[in-house]
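Residue numbers (the numbering used here), protein chains in the order written: chain A, 5 to 801; chain B, 95 to 438.
Quick caveat, the hints were computed from the structure, so don't treat them as lab data. Possibly wrong hints are sitting among the right ones.
Which bits of chain A does chain B cover? Going by a derived footprint, with three or more residues having C-beta under 8 Å, they are [said to hold, decoys possible]:
(1) 23–33
(2) 466–477
(3) 490–503
(4) 566–577
(5) 583–593
Here are some of the chain B residues that sit facing chain A, going by a computed Cβ distance under 7 Å [as the list claims (entries may be wrong)]:
(6) T204
(7) V221
(8) Y253
(9) V254
(10) E255
(11) V305
(12) N346
(13) M385
(14) P388
(15) S402
To list a few chain B residues with every Cβ distance to chain A over 10 Å, as calculated [stated by the list, open to error]:
(16) E116
(17) S117
(18) L126
(19) S130
(20) P144
(21) D235
(22) D365
Every residue, glycine too, gets a C-beta built ideally from N, C-alpha and C.
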Amino acid sequence: MKISLRWLKEYVDIPTDDPLEIESVFASLGHEVEGYEVLQAPFTKVIVGKVLEIEKHPHADRLRFCRVDLGKGDPQEVVCGAWNFEVGDVVPVSVPGAVLAGGLEVGVRSIRGVTSHGMICSARELGLGDDHEGIMVLDPAVPIGVEFTEYVPFPDVVFDVSITPNRPDAMSVIGLAREFAAYYGTEVRLPDAAPATVDRPSAIEVTIEDTKGCPRYVGRQIDNVKIGPSPFWMQLRLRASDVRPINNVVDITNYVLLELGQPLHAFDLDEVADEKIVVRRAHAGESIRTLDGVERDLDVLDLMICDGGGVVAFAGIMGGEESEVTDSTTRVMIEAAHFHAPSVMFSSKRHGLRTEASARFERGVDPNLPALAAARAARLMVDLAGGEALADVKDNYPSVVTPWQVDLEAGEVERILGIPFSRAVIADLLTRLHLDVEGDSPIKVTVPTNRPDLTRPIDLIEEVARLYGYDRFPETLPSGPAGGLSADQRRDRRLREIMVGIGLHEAQTMSFLGQSELDGLNLPLDDPRRAAIRVRNPLREEEAYLRTTLLPNLLKAAQYNVSHGMPDVALFEVGRVFLTEPDPGDARIPHQPVRLGYVAVGRTGQGGLHSSPRQTDVYTATGLARALLAGLGIVCDLRQATPGGFHPGRAAEVFVGGERVGAVGELHPAVGRAFGLEGRVAAGELDLAQLISGRWQLDPPSTYPRVEFDLAFVVDESTAASALVQAVAGAAGDWLEDVEVFDEFRGSSIGDGRKSVAMRLVFRAPDHTLTNEELAPHREQIIAAVTDATGGQLRGV
Amino acid sequence: MDLLHELLTGAPARIDAIVDLESLSALESELLGKKSLIASTRRGLGQLPPDERPKVGAQVHEAQRRLEDLLAARRELLERMAEDRLLAGDRVDVTLEGYEPSVGRHHLLTQTVDEVVDIFAGLGYRVASGPEVELAWYNFDALNTPPTHPARLESDTLYVEYGEEPDEMLLRTHTSPMQARYMEQHEPPVYVVVPGRTFRADALDATHSPVFYQIEGLAVDEHITFGDLKGTLAHFAREFFGPDRTIRLLPNFFPFTEPSAEMHVSCFACDGSGCRVCSGSGWIELMGCGMVDPNVLEAVGYDPQHISGFAFGMGAERIAMVRHGINHIRHFYENDVRVLRQFT
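Okay, chain A solo, but in the shape it has when bound:
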């Protein structure tokens, strides 16, 4: 809320005017200042003058010629177009050289042949209000000849304070004044809420049908009001708080709302049918035209104020047009009620109608405030609108809310806050907040009804800490036990280190997908990745589903880079995907496994003068997977496969310990097209949960020389190289150190549909130098095993 410093200081002494210092007090009390504005008087060189003579303007019927006493020298001669003042009135006079609101410069001017030395000013010309009907007539007590700036509330500072939702009591000038009083250990000055009253019975009749929705309703009658503009000081304060002045009666209700925090409404009592008020839920089919001019159909849960004829106002939110206070209003009913917060919240949300009143009722207003607020408004209507306040106040308050008691142990304060607080210090701090404190152990604390947030000892401990000052607590460290990263977390970090080390950039993409991204993956209809969980209230249709795979957003990121002039992109991401099956750890929620995804397009490897980078293809994808898993110490097995979304002949499934952990390869060209990528797109996606690194015992390296020989086999085109390698590994015995496919060859010498695969086998014994003779039987076994497993034929090498 926005609050004027001058207004605040009317109720509490603040020993500084420095906005920064006041801001820091607000902050230390827990009320964040979003900003502040220093307001200067919107005019200069305006002097308080007294009208000495008024003559008709010789050449213009609608103008008058005045002589005004400015306290020194000769009377000032000015021409004036307003007629609302008389000889003897005290008025603001701008003298030549003055600058008025809006930048108007005042000089000596000839107006229809008569010289005018300045002008007598209206509120609007001075920037003090909208009133332009006549000039401002001031209190006759204002001394003549002084600068008018001394009699206007400038300079002022308007603070925009953010009040946390637990502090409805602070949503008013008086509430914040209480906070400052508690901070400085002083008292607040309450505004005068004692109107002169007239002893006449009020005709108002109040019935509350729904006492849950409306626990209290005060109706207070003011007769003989004269509707007109409110005084400029009130208009300035309302404006500073972003409330538009309307007329004196309406302005007073808004003023008291800001001042005390109690929303009020003023009805034109002559428009309240039968002078009867009924508080009830709306009936089906009812509607109301609210003050903002909108016709609203009501819900049976909407809490309404009704008169003898039907609904007249939205309880706690906004009045209706029918019973609005107008220029012809003479009898007013001030409504000061207490409405149930959830009820106001419901209607406010349902109708999209948020007002100063609803914002306060939603948080909870003190139920014991209405009578005081009605009295305060009555006082102002008597003073400023010439009304007669009836002493007969209708206060319907069936269940009175009384202050409650919270027991607090001093030891608890220390246990939570960490430093000892004596009973005396606790009592002092809480008393500053107008809490009553009695007894020692426990300390019995009585909480006034304007602090609904204080119901438990912990709430009081917070108040102790807040008023004591968070700044004054020491900085200590708890003696935590041993912690650190889990094995999985260390694995994930190593995984990312490896991916970065082998040349990929880490990406972070959104967790959402759109239908078009899912379609773009070219997945079979029964692919589980199509069964994405839908977001009920997505921000955009592109973000309507939770990702079931990391690939689409990685492809989009790759495309983003390509389209921004970076054709060679290799990205990976580690993140959760969302599946429809239940989570293995908590069956109530969907399974959300962590995946590694990667995508590479263009060329990989550094290009330039000396290096020739490779065009990305399937072997980019498989190579990255192999390097990653080798780096993690995981033995993997790539099997030729046709996983969904991938190129039918250029993709593999990755197996670890017999379990499928993911798929890698070239994406189907249709996928590349769908995502706007040209050329071969390498990609992979692996489930991390199954990548478990082992721990090994040292295998001491042999000091003996290695022996190697090559074997080549002619096999069917369909035979995977990995099958040959596995057959070798299975038959070679313990001395085999390494086996590597170093050549693949096709040609007429071998025959159609066949290929030659050449392998280099490396042997080494831990305890002696191997000889060829020794290895000869192994060689025979290996050849037999490969032939057996693949049907291949040994080729002369």
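With chain A fixed as given, assemble chain B onto it according to the hints.
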């Protein structure tokens, strides 16, 4: 013997005059070869009287050794000079690029999260993650946020269509549900830091993203105090932003902590005197924190009479933006390689 003496006297000058290895080999064979004075003298030893033989033999040996040393030294010098000439011709422009393996970069968010996590791991915290699609109960109810709380509205929270009950399943709006989950599964003491993705129904703008990272911390134990919260966050601020940083806590409100505070760190750019980074205030708002509300402890079955704790939560994007001068959150999620490679 005069001949030998003459030979040794003249040899150094002759050897030093040689400037190529071929001439040096010729001289070596002249001085030490079969036809040399050394060789002929050694051959003539047998004709000498027996008592002279050892003396002359020693002189020959000494002469041979000295000549060999001189020749070897000269050879080494000539060889080195030859190599120098060769290397001088073998010159390339080393400012051309090398055979450079490509190296990627960790995403700045990951770097930030890891750094924060490591600070707390060093204080003895464990690290937990937790589900991103979460039950409303853990995200709100267990954290003292009643069904009527405005944060639960669809305008703030993204709900997902899963399970039987409407309004039950959502994308977690903070990492705090892991507080409840972790405490349900562990007895105190609990010291845990929870980094992870969180979600809000916010369209992307300079400081908001529907997806963002939070890092939540929770310490629940006997004797945990407000001072411990302050000290822990001060330690974090000094580790993350530098040893001269101070912090301040300002009262605030969160449903799941009491007392609650907003944590500010003194501006690292201007040391608190006020600058653009801190909008002139000297302080940078970093995170919300507070003492865990007794209702939260009760909801997970802890006894708030004996156990207390603190919790804090910060946005990873926010602290990274502050530290690295990033003015728009989109830089984190566009994955522009030109951005990614800047942070190591």
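Consistency of the hints with the structure:
1. 23–33: holds (count 3)
2. 466–477: holds (count 6)
3. 490–503: Per the Cβ count (5), the hint holds.
4. 566–577: Result for this restraint: holds, n = 6.
5. 583–593: holds (count 5)
6. T204: holds, 6 Å
7. V221: holds, 6 Å
8. Y253: Since the shortest Cβ distance to chain A is 4 Å, the answer is holds.
9. V254: holds, 5 Å
10. E255: holds, 5 Å
11. V305: Check passed: Cβ of V305 (chain B) comes within 5 Å of chain A, closer than 7 Å.
12. N346: holds, 6 Å
13. M385: holds, 6 Å
14. P388: holds, 5 Å
15. S402: Holds, about 6 Å.
16. E116: holds, 38 Å
17. S117: The assertion about S117 (chain B) holds, with a minimum of 42 Å to chain A.
18. L126: holds, 40 Å
19. S130: Holds: least Cβ distance 45 Å, greater than 10 Å.
20. P144: The claim stands: P144 (chain B) keeps its Cβ more than 10 Å from every Cβ of chain A (closest is about 55 Å).
21. D235: Holds, since 14 Å exceeds 10 Å.
22. D365: holds, 18 Å
Of the numbered hints given earlier, the model fails none.
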